[in-house]
Every structure is written in C-alpha cells, then in structure tokens.
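**Q** Residues per chain, in single letters:
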Amino acid sequence: MVDLIAKPRGRRAAGPPPRLDALAGYLETKPAAALQADNISAWFGDRKVLDRVSLTMPAGQVTALIGPSGCGKSTFLRILNRMHELIPIAKLSGEVRIGNEDIYAPGMRVTDARKRIGMVFQKPNPFPAMSIYENTISALPLTGVKASRAEKDFLVEEALKKASLWDEVKDRLHQPGGGLSGGQQQRLCIARAMALTPEILLMDEPASALDPSSTRRIEDTIAELRGEVTIVIVTHNMQQAHRISDQCAFFLASHNTPGVIVEHGATEAIFNAPRDQRTEDYVNGRFG
Amino acid sequence: MTTATYLPDYPVNGLDDAQPREITVSHAPVDQAFRQITRLSGSFVLLIMLLVGTFLTIKAVRAIKSVGLWDFITTQAWSPETNHFGIAALLFGTVTVALIALVVALPLSLGGALFITEISSGWAKSILTGAIDLMAAVPSVVYGLFGLVFLQKHMVPFAYWLSTYFGWIPLFKVDGADPKNPLPNDALYTSSSLIGGVIVSMMIIPIMTSMMRESFSRAPAGEREGAYALGATRWGMIRSVVLPFGRGGIIGGTMLGLGRALGETIAVYLILSPIFDINLHVLQNGGNTVAMTIALRYGEANDFTMSALMAAGLALFLMTMAINFTASAIIARSRSGADSEA
Ligand SMILES: Nc1ncnc2c1ncn2[C@@H]1O[C@H](COP(=O)(O)OP(=O)(O)OP(=O)(O)O)[C@@H](O)[C@H]1O
Ligand SMILES: [Mg+2]
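Chain order of the listed sequences is A and B. Quick note: the first sequence uses the numbering used here, first residue 1, plus one each step. Quick note: the second sequence uses the numbering used here, first residue 1, plus one each step.
Do not rely on the hints blindly, as some may be mistaken.
Said to hold, decoys possible - Here are the simulated lysine-lysine pairs, DSBU-like style, with alpha carbons at most 35 angstroms apart:
#, chain 1, residue 1, chain 2, residue 2
1, B, 125, A, 48
2, A, 91, A, 152
3, A, 123, A, 91
4, A, 123, B, 125
5, A, 161, A, 123
6, A, 123, A, 48
7, B, 125, A, 91
8, A, 123, A, 146
9, A, 152, A, 170
Hint data in this document are derived by calculation from the structure and do not stem from the laboratory. All values reported here derive from a predicted model rather than from experimental measurement.
Whenever a hint applies, use it, and build me the whole structure from the sequences.
**A** Right, dumping it as structure tokens:
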C-alpha cells in the first residue's frame, strides 16, 4: 500500500512575511496531497483512448508517466486537472480524488480544482503581454484575487525562488516574460503555477523543447520541489524518468486499442526488474 | 571511411579578416512574376487613392478660394448660390452621427464577438459566425429602410424618456418639448441624430463584430490553456489572454466601423431632417452630414455649387484618412496576428 500521509511543506522565502490577509487562503502551508485516479476511461468523439486506468500518485513524490507516442499520457494528465473537458468532443469516466474529494464531483468548482492542481505545458506559454513580475502572479488577476504591493512582491520572490529563476531575473522583473530563453520561460511557467501553492503539479514533457543544460535546471527545480508538492510528469526521456522520479507508470496502447497502464511501481523496480516483457523492452529502448 | 575526428585550424589570433559579404538573391521566374504582379496591384491601390485625392483637391479649389479657407471651415450654412457656405455644421453632424453609432455599436459588437468565440460552441457558433459575415454584406439601404419603417417609431419613446429625465444635460435637451404633456409630440423626435446614429450603428455592428471575432479566435490556444490551468474563470482568461491579443482587431474593427459611419449616406438621408446649424441636441430633429448633403444637393448642382460639394467631400476624405492612419499606427504597435512568442 502506498503511503498517503502528507509530509509537511518545506521552505519559505527568508525575511518576515508582510501582512498577507487577502492571500491568507493561499499562503497557509498546505501539505502536498496524494492524487488518486480511479478507473479513468477517456474518449475523443467515439474513439476510446484510455481504458480504465487507475493510479495512485503519492503525496510529495514524483510520479513519471512513460510510454510511446499516442498512448494517452497527455490525455491522462489533462484529466487530472480537468483540462480534458476544454476539448469539445472529449469525454471521460472514472474518478480523480485529491484526499477524499472527487475533483469531478458536482460540488467541486472547476476553477478550485485547477488552483489546487497546477500544470506546466510542453511548450512554454508565458503571457506575452505581461512582464516577468506580472506573469509570476498572473493567477491573482485571473482568479479575481486582490493583493497589496508588498504581498505581490513577496509572492513573486517566493515563487521565482521555488522555480530557481530568481537569481537570473531579479534585476529585470519588469521586462516582458517573452524575452526570456526557452528554459527560463519554462521555469517562469513553473513559478507561475507554484505561486498559488498548489498541492499537485502536473508537467507534460516540460523539457522536451529545451537544450541539455536547461533540461538539467528544470530537473533540479523538480528535485527542489519534491516533498513540497506532488509532481506528476510525462517524459519521453528514460534517463530523465530514472533520475527524477520515485514512481513510474508505463502506458501502452497496442494497435488500435485504447491506452492502458501495463506496469507501474517504484522507479528502480521498473527500470531494473520489470515484470512485463514490454516494459523491459521499452525502458531499454528496444521499441516505441 | 575514417573514424577519426577533425580539429579545424584557425588562423593565428588577431588575424580575423572575416567581412560581411553582399548577398544577391536571384528569384525563380515564377517568384519574379508574382512579385511584379503583387507590386503592380499594390501600386494601383495607392494610385487610385492619390487620384481621388488630387481630383477632389483640384475640383474643390475654386469653391474654397471664393469663400476663403477659414470661412469654409467655420461657416454654418450651405448656400453656394449666395457664396455663403461652409462645412462646420456638416462636419459636426457627421462626427455626431458617427460617434453615436460607435457608442451603440462598440459594446454590442465586442460582446457579440466574445460570445461567438468564447461562449457559443458547435453549430450555434458556425451559424452565428456565418450570419454575422452575411449581415456585413447586406447593403446599407436595406438597414436604412428597416430603420425608417420600423426602428424609427420604436426609438421615439426612448428618446422621449431620455429627454424627459435627462433633459437637464444639454446634450439631451429638446427645444419645445413639454415634460408635463402626457402625450408627447412625436414629430419633435423622429428625425434626430440619435435615431440616425442608431441605424448607422446597425450597419457597422456586423463588420465590427466580424473583425473582432476573427482576431479573438486567433488568440493562441496555449495561452488560453495556460490561463485556465491557473484556475482562471472564463472572464479572467478573456481579460488577460483574449482581449490583449485581440486589441488590434478591436481597434481595427472600430476604425473600420467609424470609417463606414462617417461616409454612410443613405440611412442618414432617409432619417435626418437637414439643417445647417450645429445642433448639440442629439435627441432633437435636425442634423446633417457631409455625405448626405452631397447626395441631396448633387442634382441641383452647377459648376460652382459642384465645386463646393467637392470641397466638402475633400474634407471628409481627409478626415477619414487621418482616422485610418491613426488606427493603423496603433494596430502596428499591438500584437494581434503575431505568433505567441512576441
Ligand atoms: N484533441 C484531440 N482530438 C482527437 N483526438 C485526440 C486529441 N488529443 C489526443 N487525441 C488522441 O488521443 C490519443 C492519445 O493522445 P495523447 O496526446 O494523450 O498521447 P500521448 O501519450 O501524450 O502522446 P505523445 O507522447 O506523443 O505526447 C492519440 O491517439 C491521439 O490521436
Ligand atoms: Mg503528449
């Protein structure tokens, strides 16, 4: 059985925090939460692309989703924070539970679910009309939260530090976010997602468009965030999955059938002692 | 085949003699033909503009000379026969009607465009999109007739209400209206700038909506999803992604609408009762525009009165150009149409 007990959240920016009344709800140290997907099936129109997938993503750990292209990893990830339903023809069944709450329950606001479960996309997507500073706290105006200048300054510094971007941008916070390098933009997107202290952070191939050193920095950032937030990451890079994850799930959609999880478990076991032949072939680069 | 690697030898330090070289491009014949044709059509458009401007100027000189430029701009009358005419009232009326049209059209087309791109979906979206584009192609005389036989009588009570309760604002005052009279005198309200402007607004709403919808729909999906993933409400997403991206479309659509409103002839011709004084009271009968005066007076024109009309046309032409250049300068500085990595 996986350990579902939340670990306390780690670091905070140094210095006495300013008054944060308006943001109290966001800044209280929320523990990382476990995420549980139960019997998730997904369709695009009439085509079923995921078939009764269940997976527990333990609190504070890094779970890597691996598998060949088109097997439904992104679809699964997007179901975890209700992005799937933005596609008009998309349907799904099953439950996604954070703690004991189903994020698809009628009483759960979709905006609340997404605030608790942040997401970083494959292509860095900072808001080009906003500065680095504004990008970092863009969640505030987007969700209609007002904050004072001091509160914002505090949030910006804290979030950028979490994303290991602070030192590189602290002198040009008010320049456009689009002027950063690809890797910096991606870390800005991580900072933006972390600004509201989500309990879970989803990442869909966050480093696939980046050079090796930027990739390294993203991986370091993930390592830093580990324990503080539950991370679910899709990656095609086996070494990366091996390096950064505690747990792996291998997805596969064999010829014209919906995707399923073939095998999942501790990363070491998936890479060194897989039980399914297909897993072994895949992690050793023999197909896919 | 050798398996060794190579280490390029660079010249000794400091011996950098690299110079940027001239690059000559030789295009394929198809490309060259295409360039010539597009260049030709481009120049043709410019040429027509220049021709119109020159033609108007030449024709207008005689009239403007005969009253003097200053008098021509400031006189509130149109009587070329007695050499007493000017465009003050005409320009004022033109701008008034156009502004009223914009005040009505801007919120409606902005809301409509946002509704189509952000809220409607499936077949409703396709039908609305098609309908708006179709409406943009309906000739203005159709709207004018609709306004004359239908809208006019339904606007009068609204105008009456406005003047009764807000008549203390000079803009909404109606001379001769008696608020205590329970049976308002409709004839005071029927041919006002307000009604003219509202009908003009109906003509420009489709084209404005269409342009705005187009620019909103191109807002990058990645940014939209980025906003939603942060827990944005739909309005939050629209405010920080769609509207900033669509700024060029909003301004462009508005300017296009304004341009049309300034030049609209037939609707105001059907509604307004022409006067040649500056009329601040938009609810009250009487107004005028340049386009309408040209249409009204064209038939009775001799050489000189024709020249006067040309001068009025020139003024309208210059004003529209100025507005359009301002607009394109603003659009050029905004991001619409560019890709998401600005
Ligand atoms: N918007 C969509 N409309 C229709 N079908 C889609 C859509 N998005 C994905 N699919 C289909 O769903 C299946 C799973 O796609 P998904 O993007 O989840 O795969 P993936 O595992 O993330 O692949 P990759 O590794 O290439 O990103 C694919 O067969 C794809 O064709
Ligand atoms: Mg994917």
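**Q** Among all the numbered hints in the text so far, which are the ones the structure does not match?
**A** Number 2 only.
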